[in-house]
Every structure is written in structure tokens, then in C-alpha cells.
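Student: We have chain A already, so just place chain B on it with the hints.
These protein sequence lines are chains A and B, in that order. Its first residue numbered -12, the first sequence is counted upward by one per residue in my numbering. Its first residue numbered -12, the second sequence is counted upward by one per residue in my numbering.
All clues given are correct.
Identical copies carry no separate label here, and so any pair may be met within one copy or between two of them.
Simulated pairs of lysine-lysine, DSSO-like, Cα-Cα distance not exceeding 27 Å: (1) Lys337 / Lys294; (2) Lys252 / Lys294; (3) Lys252 / Lys332.
Simulated from the structure, these hints should not be mistaken for laboratory data. The structure presented is a predicted model; accordingly, all values stated were derived computationally and were not measured.
Number of protein chains: 2
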Amino acid sequence: MPLKETLNNAHSHWMDGSGPEADIVISSRVRVARNLAQLPFPHLLSPQQAGQVIDAVRAAADSAAVREKAGELTVIRMNELTPVDRQILVEKHLISPDLLEDFERKAVVLREDEVLSVMINEEDHLRLQCLLPGLQLNEAWQLVNALDDGLEATLDYAFDEKLGYLTACPTNVGTGMRASVMLHLPGLVLVNQIRGVLAAISKLGLTVRGLYGEGTEAAGNLFQISNQITLGQAEEDIVAGLISVTRQLLGQERAAREALSRERKEQLADRVGRAYGVLKHACIMSSEEAMRLLSDLRLGINLEMIKNIPASLITELIVLTRPAFLVHAAGRELSPVERDVYRAKLIRRKIAAAQQC
Amino acid sequence: MPLKETLNNAHSHWMDGSGPEADIVISSRVRVARNLAQLPFPHLLSPQQAGQVIDAVRAAADSAAVREKAGELTVIRMNELTPVDRQILVEKHLISPDLLEDFERKAVVLREDEVLSVMINEEDHLRLQCLLPGLQLNEAWQLVNALDDGLEATLDYAFDEKLGYLTACPTNVGTGMRASVMLHLPGLVLVNQIRGVLAAISKLGLTVRGLYGEGTEAAGNLFQISNQITLGQAEEDIVAGLISVTRQLLGQERAAREALSRERKEQLADRVGRAYGVLKHACIMSSEEAMRLLSDLRLGINLEMIKNIPASLITELIVLTRPAFLVHAAGRELSPVERDVYRAKLIRRKIAAAQQC
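Isolated chain A, as found in the complex:
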């Protein structure tokens, strides 16, 4: 049973720090939107029809075609989970916050390594997701494509010869695909070039967000870059375009880091050292401060200024110190003050444990 594992462990394969360009590219994600031909889009579904969608996907997920192409999957209805457990799935980026609204009619499909997941009855009947560490957009696309093929062997998708896959929101019509990369860009932030770089990206038809969705500032210098256009471009072209832009950003971020190492060596060492010292010894820490200091520490690890902490621990800590994970780890509700105390303690312990390995 993968679920218990998922909830007790902050770690997902996407956080393990592997994959190409992992010093800057935290993760690569491909999501596709699919809908069943015979039923209204989710916002118009009756509870009974919503159940039909879930049952249809459950049957498809259990099919030999899916098992062969994508491995073993587990379907979990959202109402089987506690509110905290539902929130944890959001914090691990396995589902979107939208899946928490009207959750009685919604479900999630998970592979044990959490690389593949499917949201059922979110904005569309199905949203297939593949999430991998590092720059692996092609690999993510291939895995999503394999799962998609497996499901389509059973399910009848809403598809139009001219438009492509039909979706609840017209902005997803066509390929129904969103590809994205999560980048850690502290260098560009520190040399004050991030604004210009991101403005240029927007002009290429790409969208930039923070780690936790549209509303959040780019806390921890983590930026998600994704395609805006789904219509009129083949999936492979969308992926290739995003990879190309990502490679440009990698070059710019590395140049910024080199300039910092060369011209502001002491300031950089001071920043990294202070982050390390405070994370190791503070007893009260807000979410915002944790994100900021973990970003500084990650930069220090990548620049080999800090050597006995793996970069993957930073990604894990960013997820692990989100509110729902803290409540889950504590085993009870926490006041905001208690949360800050618990967060600091968890960070101290995890760093100490990593250093004893």
C-alpha cells in the first residue's frame, strides 16, 4: 500500500536530487488533460456521474494495458483521506489545491514512487501527471504518453479531429499538455538580473510562477516555468521549446553564480554560512525564513561551500516544513507559534541526521 508511505514520508522520487542539471533544475513535470466522451465536464457532473468517472478510471488503471505500460497504480478517493493527508498530497505536488474543493466527488491515482499520478474530476475528468527530478522533460513526456496510451485502451476520450483533445477550459484544448520545470535561480536573484530574464521568458509564451502556485511569490528563489500554448504545437515541440529555454536559463544562472563566486566571494560565503548556522541552531522559524535560508544553503551546497549535506535534503525540507506535513508529523493540530517551533526542530534534526551518515 503506497498511500501510508506517501503520507509518512516527505520524500518522493522527484526530490531525490538526481537527473541532469540537478544543481539548478529541481524537477520536470508533464501534465495532460483528458476527458471522457460520454459525460459532461466535471463542473457539470452529478455526484453519481462523478462516481462513474472514478469507477471508469479505476477499471482502466487496473487493466493489463496500464500495468504493462505504466506499472501498478492505486486509486484513492479524496473522501478516504483526512484533511491533513489531502493537504500533504498538495504539498508534495502530487495533486493541485483544486482537488480539495468538493472533494467527495474527486480521486487521485498514484504510482508507488509518485512519479505518475492522475487527478480525477479536477477541472477535467483526468489530469495525468509525471514528475521527475532534474531536467527530464522528454522522459516525463514519454511516461505520461505511455500511461495515456494504456488508459486509452479502456477509456473513450473526448477528441476532435481538428482541435485535438477537448478540455473544460479552452486554453488547454489541443494537446491538453502543460510541461514545466522547477528551477532554483538564487544567482540571478542575487545579481539582480531575475526580473529581466523572467520578462524575456514571458514574451516567449511561457508562464513563470513560484513553487506553490500562482498566488505565491517565488519563495526560496524557486521558479516554475511552463508553456502557455497547447493548441497548434505538437507535444514534442512544446517539450523541445521548454528544454531550449531552460538550457538558456541554466547558462545565465551559472554565469551569475560564477560572477558571485569571483566578485563577491566573502559576501556569498557569509550568506551561506549564516543560513547554515541559523538552520542548524534556531528554535523558532517561520515558513518564509525557512524557504529563504534553505535556498541560500542549497546554493552553498551546489557551490561546494557546504559539503556534508545532500542537496536533495533541502528539497525534502522545503516540502517537509509545509504546514500540513508539520501537523502530520506532530500528530496533532499546531498553533502558528507551535508550528514555527516544530519547523525549526525538524530542520535541526534532519540536518544533524544527514551529517551523521
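Tutor: Chain B alone, transformed into the frame defined by chain A:
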């Protein structure tokens, strides 16, 4: 030769963290002003007469009476020292900044452990000082008194039967004595009671200053309390009065620390932990920040939250990270930025060395 030792080593006996009440009382000091009967006060001395004073004190310091009562002393003319070395004597509290002005006509007498010193041709011909760790005002007074007796066997002091010892400034006439204690009062600062407490002290005829003289704010929560009145009170009464006030302050500071430990435990642990982490890992540190963090760390050591650093190291670091000591340790002039880098490095090294013992 004690001088080289003095300059290469920040450590003086007064910093060693011994003595009663050493958790709060850093040091106790007694100073007396004396003048030679046959010569004008220092500001009216010709260079030749200034040399006569130095020669007279040198002869007295070498006398059997002084050796027997106060031990072996070395006389050093200020113009034998480099500007940095002169500044170091100020930073170690062995001489006042005034001894640096017109230094060609001035000198200092030092005992090897730096417990006893005499400034020659500062405001008065002689200013005898005893500086001891912890609350040892009576002991300091007895040592100064013994040195004074030894010197008086050779020297002819300016003394008036009615007024007592005559001094250049009338505020010192009488006993010519200033007794002071240096207190670390972070608890009273944190519970916001320090203002009220110090206001009450001023009404008792006592003066409050920061660690480095009148002009400085009480950096590092270090407060020097001294008597204002020298006339009409016996030396023993001045000392007893200051001890009594100090004991009251000790009670108030301890009550504040207990209240903090009880009611703001996490905040206190956070404050101490952050100070420790930043001091151990920062690479750039201003003098002000160092004082603030060292104060927090000292409180943590006294409250046994930090166990592998002796409190005496904190006092030593406060002295060692003053500008002149840094220049001396670096062996060359330092820009303000370099000084902050050097200060941080020195603190990191000293703490690491203490923890390896």
C-alpha cells in the same frame, strides 16, 4: 618581558571568568589618583618635568618596598610603542584613551598578569589601577592599597590634611578613588527593566557607562557601574556601597533570567541558538553585531544552554575583536570591510578551538 605577551595575547587575568558571581560580574576595578607634591599637575608639566615624573615612578616601582608589596612591575614609555600597540592597551582596559594624547610625555606601569597597572601623566601624575575578574572589589582595593603604600615609601604625594589626596580635577579630590564593576545584564535588557534599574542607580550617586567608556552605548549589554563621590567617604565605605548595589543588581538580573527561562523558553533558546549559529558560521561581522551576538551567547552559556564554550572566551573575544587587536593579529592595516571579514574568521576559529579542547 611582559609587554610582548600583553600585545600578542588578548587574555588578561581579569577576563578569565573566575571570581565570585562571574556569571554576571565580568570584572571589578579600583583606581586611585595620586600626584607628586613638588611638580605641577600633568597638563601644566614641561616635557622635562614630565620625564621627571616618569623617572621618579620608575625608581619607586623598582624599589624593594614595591616589589615586596605588589610584585615586579615594568615601566613602558608610550613612545616606545606603535600606535596599534598603544590602542591595544586601551582595548584591554589597562590604560585610558587619554593616555594616547600627547603620548610622548606619558608612560604605563604593568604587572605581568595585568592585574596591577599605573598610568603616568594622564590627568594626574599617577593613576593606580587594579583589575580583577568577578566581584572582587575588596580584593582590588587591598591590592591597589598595597601598591600605593609601596610607592609612597619612595614618592612624596600631594596630600592635604583636610581634603585628602589632591587631584588635577576637583571631582577626584579626597580618596581619589574610583571603584567600578562591569556587569553583563542581558536579562534586565530583555525584560525591558534596564532603564528603570539604571535610573534608580543614578539616584544613589553612581554612574553607568558602556564597556568602552562614556561615549559608547551599552553594547553587548555590558554596563559599568562606578562611584561618583570621592570626598567625605572612606575608601572602604565606597567599596562596600558599590558591592551592596551590585548585589541588588545581581538579584534583579537573576530574577529576570529566571522569568525568561520560565516564560519565554523557546524565544530564549532561539535567540541563543541563532547567536551561536551565526558566530560559528558567518564570514563578515561588524563590531556591533559581534557584541550583540556574543552577549546572547554568554547568556546561553550562563544558563547552561550552550555547554562546550567557556564564558571566559566570550570576554576574550569581545576584546580580541576590537579594531586594534584585529590589526595587530593581521599584522597589517585593514580596511573596514577586511576588518569585518577578519573579525568573523577570528571568532569562528576561537570557538572551534575551544570546542576541540
